[in-house]
Structure formats: C-alpha cells, structure tokens
Amino acid sequence: MRAELFKTSAFRLSAGYTLLVTLAVAVTLGSAYLLTESLISDEVDLIIDTELQSLEARYARSGVPGVTEEINSLIDSWGRIGAVYMLTDANFERIAGNVTHWPFDGMPVERWPEFEIATIEPGRRAVHPVRAAVRTLPGGDLLLVGTDISQGRRFAEKFRVATLSGIGLSTLAAALTGFWFSFRLSRRVGEVTRTCQRILAGEPGRRLPVAGSNDEFDALAASVNRVLDRLEEQAGTLRATFDSTAHDLRAPLHRLRTRMDTLLLHSPPLEPAVRESIEAALRELDRLQRTLATLLQIALAESGTPLASPAAVDVGELAVELVELFEPVAAEKGLRLACRQEPHASVQGNRQLLAQLLTNLIENALKYVPTGGRVEVAVRKLTDGVRLVVSDNGPGIAAENRSRAGQPFVRFSAPAGEESSGLGLSLVAAIARLHRGRLELASNEPGLRVVVDLPA
Amino acid sequence: MRRGHAQDASAGTPTPDWQVRLLCGSVQLLLIEDDTEAARFLVKGLRESGFGVEHAADGRDGLSRALEGQFDIIVTDRMLPHLDGLGIIERLRARGIGTPVLVLSALGSVDDRVRGLKSGGDDYLTKPFALAELLARIEALLRRGAGGAHSTRLKVEDLEFDLLARRVTRAGQEVELTSRELKLLEFLMRRAGQVVTRTMLLEGVWDLHFDPQSNLIDVHISRLRQAIDRGSDHPLIHTVRGSGYVLRSDA
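Which chain is which? The protein sequence lines are A and B, in order.
Its first residue numbered 1, the first sequence is counted upward by one per residue in my numbering.
Its first residue numbered 1001, the second sequence is counted upward by one per residue in my numbering.
Just so you know, the hints here were simulated from the structure itself, not pulled from any lab data.
Hints may be right or wrong, so weigh each one.
[Unchecked claim] Covered, in the sense of this in silico footprint (three residues per stretch, anywhere, with C-beta under 8 Å from a C-beta of chain B), are these stretches of chain A: (1) 248-256; (2) 259-265; (3) 322-328.
[Unchecked claim] Pulled a few chain A residues facing chain B out of the computed Cβ check, cut under 7 Å: (4) 332; (5) 363; (6) 401.
In this text, a Cβ means the ideal position worked out from N, Cα and C, and glycines have one as well.
Turn these sequences into a full structure, and let the hints steer you where they fit.
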C-alpha cells in the first residue's frame, strides 16, 4: 500500500504542488527579507551621511575646535540612540568623541566599515556592532560617524528566522495537504478499482461506493452505478430469455428422448431396421443435446455465477489427470500426448470448468493433428498466476483466422469423420474470461499454440 | 455416488434380493414430475423395466405420497409446482425417512448439482437423459448399502482385488494395472452385476461432471479388458448396448 502510494499520479501531482508552494513562499518571503534589510541599512547610511556632511561643514567654518564642540554637544544631548562619533588626528589619536580608540587597523578600505565596541551596561558587558563612515578632513584629521546597528541586526535575525520557518511550515503544510490529498484520492480510486475487479470476478450485484459528499467522485460513482444497473438489467433479461429458451428446448428434447428410449424397450422386440433408425436418431439427439449443453455452459460462464464460490485448483495436477485420461485415445490415433508441469501451480477457480477448458483444448488438438503428430500440455507458474499451454504440430490456424477462432459457431475445416460444434473454443474463451484469464492463439511453427494465462 | 449414504438409509434399505423383486414388479418407485407427457413415457419405460411406479404431478402431492407409501426409491424433478424437489428431500430427511432420492433437473450447472447433492439428494441427473442412464443410476442407488462397503477384498469369480495392497489377480495370476486402471476396476467390481454408464464412470473415477466428445471411456475399458480378460475363456467385462458396461461372470 505504502510503496503503491508513491507510484500514484495523485502523489506525483501533490509532490509537484508542494515544490511549487515552497518555491513561491521562498521567493515572496526571501525578497521581503532582502528588501527590508536593505531599507534598514539605507536609512542608517543616510543618517550617517547627513551627520558627516553637517560636521564637515562645521569643520570648514570653525576647524577642529568647532567640530569637537559639536561632537561633544551631540554626545551630551539626547540625540539619536546608539550614535558613535570620533575625531582623530592623522595618526589616529583621539581628539574628541565617544569611542576610546581608533577601531580599525589604519584607514578602512570599505565605504561602510563595521566594527564592534564594548560597553558596560548595568550588570553585564555587551558588545555592540557599529556601522560607520570615515572622512579625511582637509587638515588631515579623520572624522568617524557611526551607528549601533545591533537593533537592526536583531530585527534582521528575527526576520530571517521568521522567513525560514515560514518557508518550512508552508512546505510542511503543502506536503501534508498533498499527502492527505493523494492518500484520499488513491483510496477512493482504489475503492473504485477494487469494486470493478470484484464485479468482473463474478459479483455483478456490487456497486461503487458513494460517500455522500456530493463531490465529483460521487457523481462519477453514481453514473458508473447507473451504467452497471443497466448492464445487469440487460444481462438479467438476456439470461432469463436464455434460461427459458433452454428450458423450453430441453423439455421437448427430454420428452422426445424418453419416448424413443421407451420405444426401444418394446416387446416383442422391434425389427432390426426400425431399431437401427431409432438408434441413429438418438445419436443425432445426443449431438443436439451436447450443443445445447455447451451453449448453456458458455452462458453460465459468461454470467459469472459459477465463480461465486471458487476453490483452489491445482492446474498442474488437473493437466496430469486429463492427459492421462486422453493418452489412450491419442495413442489409438497414433499421436503422442505429453504433459509438462510445475508443482503447486494453483489458481482460484472452478475445477469442473477448468477441466472442461483443458478437455476442449486437448480434444481440439487430437481432432486436428494428423497421425504421427504430437500434442503437449504444459503448466508453468507465473509470478502472479499460472500459464497453461496446449501446443501441437498439426496444421494450426492461419494468422488471419486466429482472432475469429474464439467466436461461437466459427469452425475451420474439420478432418473427415470429425464432428465439430464450433463452440469448443468459445467455451474455452468464456471459462478463461470467467477466471479473469487471457486466451491467446499463436503459431507453434508449425502447429497451434494455445496459451491461457490465469491469475492466481 | 461419492457420498456414503448407506448408514442413514435404514428406512428404505433395499433388500439384497431386489433384482428378484424387480422381476416380480415389487420394487416400488415414486416419480414426481410435473411435465405430464414426459412422465407418461417415463412411467411406461420404468414399468417395462420392471418397477412398480406411482406418479405425482406436483411437489405437495409428491411429498404426501412419499410420506404415506413404502417406496424403495424416489425420482423427483428439481423444479415443481408448490414444493420443489430439494424441499421434498429436506422434509423427508427431517422426518427420518432415508429413502434414496434421485433428482432430475433441467438446470445443468455443476453448482446446481452440488447444491442438489448437498441438500440430501443421493444422485443428480440432468435432463434430457437417456432412459438407460436413469435405470443404471436407480440400480446403483438401490444396490447401495447392500454391498460390503467395508470389505478389504473384492472378488468376482476368479478375479480378486486386494484393496489394501492394491493388488489384482486373475486365476491366481497377478495383473499389472496403473493406479487409474485400479480405480476403474474397483468401481466396476464394487458394482459387479450392475450396469455402469460412461457418465457414471467419468464422475466416479475421474470426478468429471461433463461429457467429453471422445470415446474416452471405451478406450480405457478396452485397455482394462486387455489386462483382465485376455486369454481367458470367461470374459468378465461386458458391453451393454446403448447403456454402458457391466462386470459379471457369464454363468
């Protein structure tokens, strides 16, 4: 069941859907994150730039003392939070500002260098990341303006975690939804498939389940059920017609037979000539009766009823028994009849019907193969069933006729003296179908090779 | 045929001398059949074969006659007005009446057959059938319970079958037979003196409930005959024209 689920189209669909959802969420949240992050740093940079410009203007007006005064006032006043200033001489010696010493090795190369400063806060030592910009003033002094970006960093960190977990959660949600969806879908489709198989296997009264949720599955099931109802109704009508016809034919046949049989008991005994004609008529009656019986059997097999209570049938054993039964007849005709079978080649089915199937195939072969030929019955196990092959080296059936061979009343020139009802292979086909099997006629090069595959 | 019904057939156990009674017309048979024309000829045929026959045309009448009369065997149609054949058997068995019952039916499937036998019928015959087939089966049912079912040796004249050792001798000489030929011979010997049809042999020896077209049984019998009767002045296996075979001494 599990392995099968991964092979379903519903699963493939939901896997694709999950991937798509993951990608869409990742792109949306990722670009929001990147955009926000750049917005925050852009704002910081703008503030730093503005302050640098105003300090540079002050320097131009009143030199180092003016800038020192300005910086001190900026530090003392309640200016912006986390602002960092420093004015040094060309040797990086501090002149003014709230940083104790030059944080870089010489002049930083980046436009927006970052560094860390340690601050003493009540009870603990903290390290704050700072983003800064450095300008060389016309006198060779250096001016540094920066901002504590730990807030922004923390925000970005939180945003990143939120983004990633957002992507993760939506992937999980999509995957779960997809799994549930494909599980439900494959369960409902599976129900339909199983029901159809059971109907085919001889439970014509079974119907597709309707969940009552009025969804498209219910609509489909209801339509299929209506089709099945109609088919069953038609099959029922057909069967009733067939049954009553068969019964109506049997009753007069029965009367005729009894009447003629009673005639033979006549005393004093009938004249030999009369007796002979009655016996000849009885033989014709026998043939008629056999054809009728075969037709009835085909109808029965097609109706699926005989498999209402299937049992395990060892096809190999059955083949051995029937080959043994027919061997003397084959020998009398100068034919070799052999059997090759694997042990425990069993299927669920009706033993009598499978015996009839084999009998018809063997009888056919014995009928058509000329003296000196050979007929072989082989039973082989397949992974999920049994393969039964009856092959001979007789005249075979021309390729263009093979597909017609299983149809009722189609017969190919039977050898002189052999009667053929034209129903033998039809019955074989009906019995194979009843067992959900497959009948195939092929060339045995030369001869005929009949293959019947029966599921276990 | 495959069901040992002998033990509960006490009420209608056929006496071993039933053949004598048959000759005197004292074997009583009840035929329950709603097809009156078919019944007329069947009754005629059965009477000419030596049976005392009573006919009932529907299920209810059939049941009351079966309950009142002393019959050795009942032949009933499967589908009858008022009460069907299987219903009759059920009611008879419920009252402890074990008279052998042969069910006739126009339904021919194997499953119908199985259901017929399961519900207590002793044999099942599909219409239309040859009168010879019906007679052979009636004979088989009448004989059942009379033979020594538990003996380990079968003997017909100088033909002996040791059932335990699966050994057959004819006039003291061992006869080589295949296991299927042994089964066939056992079937014939257990019914020695009784006509056995080809259909009965297919059912009893091969468990096949349909008639193949070939002359299968004839070939098997002729092989058995070769083994048993070759070189003997007293052939034991005889062909009965239009019926089947019988194993008996000629004397």
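Status of the hint placing residue 363 of chain A at chain B (closest C-beta pair under 7 Å): holds, 6 Å
Residues of the segment 248-256 of chain A with Cβ under 8 Å from chain B, three needed, outcome: holds (count 6)
Annotated coverage of the segment 322-328 of chain A by chain B, confirmed only when three residues or more have a Cβ within 8 Å: holds (count 4)
Hint validity - residue 401 of chain A Cβ closer than 7 Å to any chain B Cβ: violated, 22 Å
Chain B contact restraint on residue 332 of chain A - CB to CB distance below 7 Å: Nearest chain B Cβ about 6 Å off; hint holds.
8 Å C-beta criterion, at least three residues: is the segment 259-265 of chain A covered by chain B: Result for this restraint: holds, n = 5.
Comparing the model with each earlier hint shows a violation of hint 6 alone; every other hint is respected.
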